[in-house]
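Undergrad: Spelled out from the first residue to the last, the chains are:
Protein chains: 2
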Amino acid sequence: MAAVLNPRLVLSSRPTGYPIAGKDITYDTTRTIDPTTVELNGGFLTKTLWLSLDPYLRGRMDDPKLKTYYAPQWALGDTLDNTGIAVVVRSDVPALPAGAHVMGFLPFEAYTLHPASSADGFQVIENKEGVPLSTYLGVLGMPGETGWYGLEEYGECKPGESIYVSTGAGQVGSVVCQLAKAKGLRVIASTGSAEKVAFLESLGVDRAFNYKTSSVAEELKEFGGIDIYWDNVGGQMLETAIENMKPFGRLILCGIGSEYNTEEKYGVKNLDRVVYWRLKMVGFVVPELRPKYADAFYATAPGMVARGELKYSEEVVEGLERVGDAFAGMLQGRNLGKVVVRVAQP
Amino acid sequence: MAAVLNPRLVLSSRPTGYPIAGKDITYDTTRTIDPTTVELNGGFLTKTLWLSLDPYLRGRMDDPKLKTYYAPQWALGDTLDNTGIAVVVRSDVPALPAGAHVMGFLPFEAYTLHPASSADGFQVIENKEGVPLSTYLGVLGMPGETGWYGLEEYGECKPGESIYVSTGAGQVGSVVCQLAKAKGLRVIASTGSAEKVAFLESLGVDRAFNYKTSSVAEELKEFGGIDIYWDNVGGQMLETAIENMKPFGRLILCGIGSEYNTEEKYGVKNLDRVVYWRLKMVGFVVPELRPKYADAFYATAPGMVARGELKYSEEVVEGLERVGDAFAGMLQGRNLGKVVVRVAQP
Chain A
1 MAAVLNPRLV LSSRPTGYPI AGKDITYDTT RTIDPTTVEL NGGFLTKTLW
51 LSLDPYLRGR MDDPKLKTYY APQWALGDTL DNTGIAVVVR SDVPALPAGA
101 HVMGFLPFEA YTLHPASSAD GFQVIENKEG VPLSTYLGVL GMPGETGWYG
151 LEEYGECKPG ESIYVSTGAG QVGSVVCQLA KAKGLRVIAS TGSAEKVAFL
201 ESLGVDRAFN YKTSSVAEEL KEFGGIDIYW DNVGGQMLET AIENMKPFGR
251 LILCGIGSEY NTEEKYGVKN LDRVVYWRLK MVGFVVPELR PKYADAFYAT
301 APGMVARGEL KYSEEVVEGL ERVGDAFAGM LQGRNLGKVV VRVAQP
Chain B
1 MAAVLNPRLV LSSRPTGYPI AGKDITYDTT RTIDPTTVEL NGGFLTKTLW
51 LSLDPYLRGR MDDPKLKTYY APQWALGDTL DNTGIAVVVR SDVPALPAGA
101 HVMGFLPFEA YTLHPASSAD GFQVIENKEG VPLSTYLGVL GMPGETGWYG
151 LEEYGECKPG ESIYVSTGAG QVGSVVCQLA KAKGLRVIAS TGSAEKVAFL
201 ESLGVDRAFN YKTSSVAEEL KEFGGIDIYW DNVGGQMLET AIENMKPFGR
251 LILCGIGSEY NTEEKYGVKN LDRVVYWRLK MVGFVVPELR PKYADAFYAT
301 APGMVARGEL KYSEEVVEGL ERVGDAFAGM LQGRNLGKVV VRVAQP
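If you read the sequences in order, they're chains A and B. Just so we're aligned, residue 1 is where the first sequence starts under the numbering used here, counting upward by one. Just so we're aligned, residue 1 is where the second sequence starts under the numbering used here, counting upward by one.
Since the hints were made in silico from the structure, they are not lab data. Honestly, I wouldn't trust all of these hints.
One copy or two, it doesn't matter: identical chains are merged, so the pair holds either way.
What the hints assert, rightly or not - The calculated BS3-like cross-link candidates involving lysine-lysine, where the alpha carbons are at most 30 Å apart (straight line), are:
{"no.": "1", "residue 1": "LYS128", "residue 2": "LYS183"}
{"no.": "2", "residue 1": "LYS246", "residue 2": "LYS65"}
{"no.": "3", "residue 1": "LYS183", "residue 2": "LYS212"}
{"no.": "4", "residue 1": "LYS280", "residue 2": "LYS181"}
{"no.": "5", "residue 1": "LYS128", "residue 2": "LYS292"}
{"no.": "6", "residue 1": "LYS65", "residue 2": "LYS221"}
{"no.": "7", "residue 1": "LYS212", "residue 2": "LYS246"}
{"no.": "8", "residue 1": "LYS181", "residue 2": "LYS212"}
{"no.": "9", "residue 1": "LYS65", "residue 2": "LYS23"}
{"no.": "10", "residue 1": "LYS269", "residue 2": "LYS221"}
{"no.": "11", "residue 1": "LYS292", "residue 2": "LYS212"}
{"no.": "12", "residue 1": "LYS212", "residue 2": "LYS269"}
{"no.": "13", "residue 1": "LYS269", "residue 2": "LYS280"}
{"no.": "14", "residue 1": "LYS292", "residue 2": "LYS158"}
{"no.": "15", "residue 1": "LYS280", "residue 2": "LYS23"}
{"no.": "16", "residue 1": "LYS183", "residue 2": "LYS292"}
{"no.": "17", "residue 1": "LYS158", "residue 2": "LYS183"}
{"no.": "18", "residue 1": "LYS265", "residue 2": "LYS23"}
{"no.": "19", "residue 1": "LYS265", "residue 2": "LYS181"}
{"no.": "20", "residue 1": "LYS269", "residue 2": "LYS183"}
{"no.": "21", "residue 1": "LYS183", "residue 2": "LYS280"}
Given the structure is predicted, the values throughout are model-derived calculations rather than measurements.
Produce the entire structure from the sequences given, and follow the hints as far as they go.
TA: As structure tokens, this is what we get:
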């Protein structure tokens with residue numbers, strides 16, 4: 001095998017709103033690699049199969065001086081990177097043999113040469129349950145973990161209580177909805193299109209509505225208020241949820257989707273309710289909960305997915321070259337469910 | 001003894017900002033009572049000695065349609081009421097004999113006739129430690145309990161961590177400051193006058209400043225950020241504290257002093273930090289924590305007060321007739337420490 005193209009995606013400028021393909025994110029085809037001869041130096045070479053496309057990546061495009069994000073920002077000229085799935089092509093690392101499917105942090109490029117020191121960041125996906133590999137980026141990956149671990153840790157769920165899940169049809173939200181139903185909660189969930197409302201109804205939630213055509217406040221009132229709010233939006237949606245919390249309610253914040261792309265932030269005016277109604281509001285990201293919940297999750301959830309008990313929806317971006325255009329759509333919520341990039345066939 | 005005046009304070013109209021004496025709160029001297037002959041009907045008669053004057057009372061003056069307050073609003077024409085200390089004058093209730101000092105919910109009036117069914121709401125103050133009775137309304141009463149129970153339950157204090165106490169010289173804040181120091185925390189506290197800054201320094205805090213003459217943001221930055229924020233203010237102060245929280249910080253909200261008297265509420269714009277920095281924000285009021293902590297508190301704190309280990313400051317309003325004027329001053333923070341009303345000498 002001779003040298004082949006090793007295309008990649010580069011952060012070429014910092015977006016102010018939604019990133020623009022060709023301006024902020026550039027598809028670079030100037031590099032090549034020879035997978036059969038490239039020197040491993042004790043490391044391993046992977047061929048990228050799937051990459052995850054997530055809203056939080058928008059924050060990584062911001063100026064590093066904004067020290068508010070939980071993942072480090074890219075420098076200009078950096079290759080984007082995120083969780084992905086690859087097949088090992090050649091390897092000097094016994095734990096990651098050639099042919100193994102592995103999951104870990106990967107650059108947005110076709111082939112990646114990893115030093116031996118990176119091996120710990122990858123895990124082999126055995127996939128005894130035979131689920132589609134890409135589910136390890138969604139319902140069985142960080143988004144699924146986020147919904148599962150967060151609700152377990154902070155929900156304090158009691159059967160008969162009610163939960164509102166904003167962005168309920170999303171990758172995290174849909175797991176929260178299903179897990180909440182399994183725990184005996186009444187579930188109300190919102191999303192942004194009729195198609196997504198139908199998806200939510202297929203998950204068995206008690207009430208699904210389109211926040212663009214219905215009043216969130218009226219929906220929550222009609223539902224009888226909420227004990228738990230799963231927030232992936234922030235801003236005005238959070239304010240409306242607070243307004244409709246029951247005493248001793250819990251608010252679980254795992255993302256501020258409304259504010260990744262706006263310069264002017266919404267001011268939440270009703271935090272007095274946190275005191276009067278003894279609310280608990282907590283923010284989290286998944287890594288710190290992994291040690292506590294990952295074993296149980298991976299012992300349980302893949303089988304549920306295989307048996308159709310844990311449903312998901314996925315949208316595939318075909319090829320690295322289409323990622324730049326797909327970004328804005330994902331941030332605007334135009335996709336249904338988890339967005340994954342198919343970089344190559346296995 | 002013949003009939004004597006039984007003056008009282010009445011809510012005569014609902015204030016929009018600070019309550020105005022003679023307009024919103026009226027001193028009514030039209031009623032009389034004969035303490036020696038009034039029929040007890042199985043109940044008990046008390047003579048009011050001390051009444052507590054607290055910021056939360058402002059919320060009770062609002063329209064009952066505002067269902068946001070944790071204590072029920074008064075109707076127009078109601079006698080104000082709050083926690084107080086009285087001496088039992090005559091009694092048909094064996095547990096509350098004549099001569100006993102009792103604490104409980106009392107109307108703002110000189111003499112009160114209680115039905116037998118109210119007896120459970122009163123407890124006898126034995127005061128073996130010989131502290132001033134009025135401390136049972138401040139450092140040994142609801143404010144002291146609030147600071148003590150809240151920090152115990154939600155602080156997750158680790159020695160060497162730092163805490164910011166807004167309204168640190170207040171009745172709750174000064175207990176939080178002292179308890180936090182005892183737990184090995186670094187304490188920064190703000191207040192509104194040079195006199196109060198001096199009081200804070202006498203409590204041994206690491207840094208005290210006047211928020212009217214110093215920048216809260218700069219003070220907190222210079223202090224190295226904070227792990228815990230004790231909030232009794234809300235609004236912009238809360239926003240500034242959030243901005244200076246360290247990751248995994250805790251925010252304990254026990255009052256929204258900045259917003260008792262404003263119609264326009266401040267919008268907190270940086271709740272995205274709750275997610276990025278994994279913050280925990282919790283609101284509480286003291287009653288729900290009482291069962292868990294009251295025994296330990298009353299076994300420990302009175303002795304500390306008697307020995308001067310738990311300091312407090314107190315301002316006495318002399319007589320019911322001065323309460324109306326004292327209200328606005330208390331809400332504006334013009335007092336130093338706990339405000340109590342001396343209704344009568346024991």
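Undergrad: Up to 30 Å between alpha-carbons, please classify LYS183 paired with LYS212: within, between, both or neither.
TA: within (29 Å within a copy, 50 Å between copies)
Undergrad: Within a copy, between copies, both or neither: where do LYS292 and LYS158 come within 30 Å Cα-Cα?
TA: Both ways: LYS292 and LYS158 sit 21 Å apart in one copy and 22 Å across, limit 30 Å.
Undergrad: Please sort LYS265 with LYS181 into within, between, both or neither, judging by C-alpha distance up to 30 Å.
TA: Cα proximity of LYS265 and LYS181: none, with 33 Å in one copy and 36 Å across.
Undergrad: Could you figure out if LYS212 and LYS269 sit no more than 30 Å apart (CA to CA) within one copy, between two copies, both or neither?
TA: both (22 Å within a copy, 23 Å between copies)
Undergrad: Checking LYS183 and LYS280: alpha-carbon separation at most 30 Å within a copy, between copies, both or neither?
TA: Answer is both: 20 Å inside a copy and 24 Å across each meet the 30 Å cutoff.
Undergrad: How would you classify LYS128 and LYS292 at a CA-CA limit of 30 Å: within, between, both, or neither?
TA: within (23 Å within a copy, 49 Å between copies)
Undergrad: Between LYS181 and LYS212, at a C-alpha cutoff of 30 Å, which is it: within one copy, between copies, both, or neither?
TA: within (24 Å within a copy, 51 Å between copies)
Undergrad: Given a CA cutoff of 30 Å, do LYS246 and LYS65 count as a within-copy pair, a between-copy pair, both, or neither?
TA: between (39 Å within a copy, 17 Å between copies)
Undergrad: 30 Å Cα cut-off: does LYS292 pair with LYS212 within a copy, between copies, both or neither?
TA: Result: close neither inside a copy nor across copies, 37 Å intra and 45 Å inter.
Undergrad: Up to 30 Å between alpha-carbons, please classify LYS280 paired with LYS23: within, between, both or neither.
TA: neither (42 Å within a copy, 38 Å between copies)
Undergrad: Since the copies are identical, ignore which copy is meant and state whether LYS65 and LYS221 lie within 30 Å (CA to CA) inside a copy, between copies, both or neither.
TA: Between. Shortest inter-copy distance 16 Å satisfies the 30 Å Cα cut-off; intra-copy 41 Å does not.
Undergrad: As a check of your reading, is LYS265 near LYS23 (CA-CA no more than 30 Å) within one copy, between copies, both or neither?
TA: Within one copy only: 25 Å inside, 41 Å across.
Hints 11, 15, 19 and 20 from the list above are not met by this structure, while the remaining hints are.
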